[in-house]
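Q: Each chain, letter by letter, is given below.
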Amino acid sequence: MSAAVAFSPEQLAEVRRLQALYPDRRGALLPVLHMAQDTFGWISLDVEAYVAGLFDLSPAHVHEVVTFYTLYFRQPKGRHVVAVCHNLSCHLAGAPDILRHVRERLGIDVGETSDDGRVTLQSVECLCACEAAPMMQVDDRYELHLTPETVDRILEELR
Amino acid sequence: MTTEPILSRNFDRPAARTLAGYRETGGYGAWARAQEMEPAAILEAVKASNLRGLGGAGFPTGMKWSFIPKGHAGPVYLVVNADEGEPGTFKDRYLLERDPHALIEGMLIAARAIRSALGFVYIRGEYVQPWRVFDAAVREAYDAGLLGRGLDVIVHRGAGAYICGEETGLISSLEGKKGWPKVKPPFPAIKGAFGQPTIVNNVETLCCVPHIVARGAAWFAGLGTKTQGGTRMYSVSGRVRRPGVYETSVSITLRQLIELAGGVAGTGRLKAVVPGGGSAPILTADEIDVTMDVDGLKAAGSMIGSAGVVVMDESVSIPEALLVLARFYAHESCGQCTPCRESTGWIYRMVHRIVDGHGRKEDLDTILDVARRGAGTTICAFYDGAVGPYISYIEKFRAEFEALIPK
Numbered sequence: 001m002s003a004a005v006a007f008s009p010e011q012l013a014e015v016r017r018l019q020a021l022y023p024d025r026r027g028a029l030l031p032v033l034h035m036a037q038d039t040f041g042w043i044s045l046d047v048e049a050y051v052a053g054l055f056d057l058s059p060a061h062v063h064e065v066v067t068f069y070t071l072y073f074r075q076p077k078g079r080h081v082v083a084v085c086h087n088l089s090c091h092l093a094g095a096p097d098i099l100r101h102v103r104e105r106l107g108i109d110v111g112e113t114s115d116d117g118r119v120t121l122q123s124v125e126c127l128c129a130c131e132a133a134p135m136m137q138v139d140d141r142y143e144l145h146l147t148p149e150t151v152d153r154i155l156e157e158l159r
Numbered sequence: 001m002t003t004e005p006i007l008s009r010n011f012d013r014p015a016a017r018t019l020a021g022y023r024e025t026g027g028y029g030a031w032a033r034a035q036e037m038e039p040a041a042i043l044e045a046v047k048a049s050n051l052r053g054l055g056g057a058g059f060p061t062g063m064k065w066s067f068i069p070k071g072h073a074g075p076v077y078l079v080v081n082a083d084e085g086e087p088g089t090f091k092d093r094y095l096l097e098r099d100p101h102a103l104i105e106g107m108l109i110a111a112r113a114i115r116s117a118l119g120f121v122y123i124r125g126e127y128v129q130p131w132r133v134f135d136a137a138v139r140e141a142y143d144a145g146l147l148g149r150g151l152d153v154i155v156h157r158g159a160g161a162y163i164c165g166e167e168t169g170l171i172s173s174l175e176g177k178k179g180w181p182k183v184k185p186p187f188p189a190i191k192g193a194f195g196q197p198t199i200v201n202n203v204e205t206l207c208c209v210p211h212i213v214a215r216g217a218a219w220f221a222g223l224g225t226k227t228q229g230g231t232r233m234y235s236v237s238g239r240v241r242r243p244g245v246y247e248t249s250v251s252i253t254l255r256q257l258i259e260l261a262g263g264v265a266g267t268g269r270l271k272a273v274v275p276g277g278g279s280a281p282i283l284t285a286d287e288i289d290v291t292m293d294v295d296g297l298k299a300a301g302s303m304i305g306s307a308g309v310v311v312m313d314e315s316v317s318i319p320e321a322l323l324v325l326a327r328f329y330a331h332e333s334c335g336q337c338t339p340c341r342e343s344t345g346w347i348y349r350m351v352h353r354i355v356d357g358h359g360r361k362e363d364l365d366t367i368l369d370v371a372r373r374g375a376g377t378t379i380c381a382f383y384d385g386a387v388g389p390y391i392s393y394i395e396k397f398r399a400e401f402e403a404l405i406p407k
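These protein sequences, in sequence, are chains R and F. Residue 96 in the numbering used here is what sits at position 96 of the first sequence, and the numbering runs on without skipping anything. Residue 331 in the numbering used here is what sits at position 331 of the second sequence, and the numbering runs on without skipping anything.
Hints were generated in silico from the structure; no laboratory data involved. Some hints could be false.
Quick partial rundown of chain R residues pointing at chain F, CB under 10 angstroms, derived from the structure [what the hints assert, rightly or not]: (1) H61; (2) L106; (3) E125.
The following residues of chain F were derived to be distant from chain R, with all beta-carbon distances above 10 angstroms [said to hold, decoys possible]: (4) A15; (5) R23; (6) G88; (7) R124; (8) V133; (9) Y142; (10) S235; (11) G268; (12) I288; (13) A300; (14) G357; (15) K361; (16) L368.
Backbone N, C-alpha and C define an ideal beta-carbon position, used for all residues, glycine too.
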């Protein structure tokens, strides 16, 4: 695996551009980790070590950062990530029922990925779209005012 | 009380999201005026406007700016806190998506006042769409020469951590570390991002600044109460008929605001309201004749926080609501301070077993005791923000919790 972990020359130029933007190049660590996840799919220990090398940081520092944030995946994720909000306003609007429905439809529990690698399911804290509760995030987009019917349609469209 | 939309004036004008459309509404006129003002005059105007931070702490903005050391030779940074995450709050998402240039204009003026040449906008990682819209506006502003000539702006995406909304946690994260809050003093205005004097302001706070410059500090101060100027954007959700963002004077009462949002939904009978985001102590149905400014809520024993209003009708289970919040605090505690790290998990487990019907008689008093002992002992305000709900939900609705505990 470690041999496969490398950015392209264009990506390395982007890393250097990002590092030069910040008063201390370490400021670019989160953006570069986002890039790494987009490129390699998830952040393995090998990816952490590779990114550490780009910043002249210890792999331990990068591990500490990666494990602190929820948006870095430390195991392979599905082609799509479905994150159902379970905080207060969504809870009041029926989020527990929505989450139960999603789990049944996908046949997986929170934190799991479907066998076909299609979807990873999460249950997350407030995504700040409470006016449209219950809601969930599907990859880059917010899906609002959920009902079991709209959930079915959204999940069916994920390939 | 004003009903004129100020911060939300462009929300129904999609064209205003482009530079040309924003200019048509008078956009960047305040920046033109500010360029003819001395930095000190801008600062004095913001002080006189009684603008207070709209992210959560409610600190007077002009005073915050004035803490930048005089004659500091090195760089000064302006950081925009767009890490919106307080449960029940969504107004910064609206501002980023629907009026991105207003924030850029506010940044330009603020940066002139504090003599900053570099600004950061820290947007929560989940806000992909708001980030795209705002980032496009920044690129437009560069192309038009509004940015890049005295002020550079870096749009920085977070990676999922509520604590990064705390200003020193945000700074740690911006520096490429886990988002651990820092011990104060030194305050960020003295030693902040990358070791330099730094002002961290919320999105909405900075969006007020162009209006203060354009229409005057006295006008802005006159919109609000004696100790807080302006309007603000109230995020109203939960059991109301028309959830959404409502911009009104900060002199509105909570009762009026709920009416503005269509009144109580569900059973139609109010039980309780969270007036200022998840971390605000809860108010009962009898406690809603309170003005929705910083000092009004403080006098009522709660806090306005981020102005996220969550309405609960009579059918809502208060123990369940506390369980949802206790889970949130246990998950989001950054782990740096022992009282917070340990108590948030412990209290979550106790509330969990109460709601599950396995509570012990002593649990409620144990929660209150643990909550009170930890309050005020930690580096940042996160744990105090958890203690507010723990104590207020149990004290005000104790019988409801006791009914769940086996005799």
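Q: None of the hints should be skipped; say for each whether it holds.
A: Going through the hints against the structure:
Contact between H61(R) and chain F, as hinted, is supported at the beta carbon level, the nearest pair being about 8 angstroms apart and thus within 10 angstroms. Because the closest C-beta pair between L106(R) and chain F is about 21 angstroms apart, greater than 10 angstroms, the hint is violated. At a threshold of 10 angstroms, the smallest CB-CB gap from E125(R) to chain F is about 5 angstroms, leaving the interface hint in force. At roughly 23 angstroms, the least C-beta separation between A15(F) and chain R is larger than 10 angstroms, which holds for a residue marked as non-interface.
The claim that R23(F) is not at the interface with chain R holds, since no C-beta of that chain comes within 10 angstroms of its own (minimum 28 angstroms). In this structure G88(F) is not separated from chain R by more than 10 angstroms, as the shortest Cβ-Cβ distance comes to only about 5 angstroms. Separation of R124(F) from chain R is inadequate, the least Cβ-Cβ distance of about 8 angstroms not exceeding the 10 angstroms criterion. The non-interface label for V133(F) is consistent with chain R: the shortest C-beta to C-beta separation is roughly 13 angstroms, beyond 10 angstroms.
Every Cβ of chain R is farther than 10 angstroms from the Cβ of Y142(F); the closest lies at roughly 13 angstroms, confirming the non-interface assignment. Not every Cβ of chain R is farther than 10 angstroms from the Cβ of S235(F); the closest lies at roughly 7 angstroms, contradicting the non-interface assignment. At the 10 angstroms boundary, the C-beta of G268(F) stays outside the reach of chain R, the nearest C-beta of that chain being 15 angstroms off. Residue placement check: I288(F) keeps its beta carbon more than 10 angstroms from all beta carbons of chain R (closest about 17 angstroms).
Distance check for A300(F) against chain R: the nearest CB is about 20 angstroms away, which clears 10 angstroms, and the non-interface claim stands. With 10 angstroms as the threshold on Cβ separation, the claim that G357(F) sits away from chain R holds: the shortest Cβ distance comes to roughly 17 angstroms. The claim that K361(F) is not at the interface with chain R holds, since no C-beta of that chain comes within 10 angstroms of its own (minimum 27 angstroms). For L368(F), the shortest C-beta to C-beta distance to chain R comes to about 21 angstroms, beyond the 10 angstroms cut-off, and the non-interface label holds.
Of the numbered hints given earlier, the model fails hints 2, 6, 7 and 10; all others are met.
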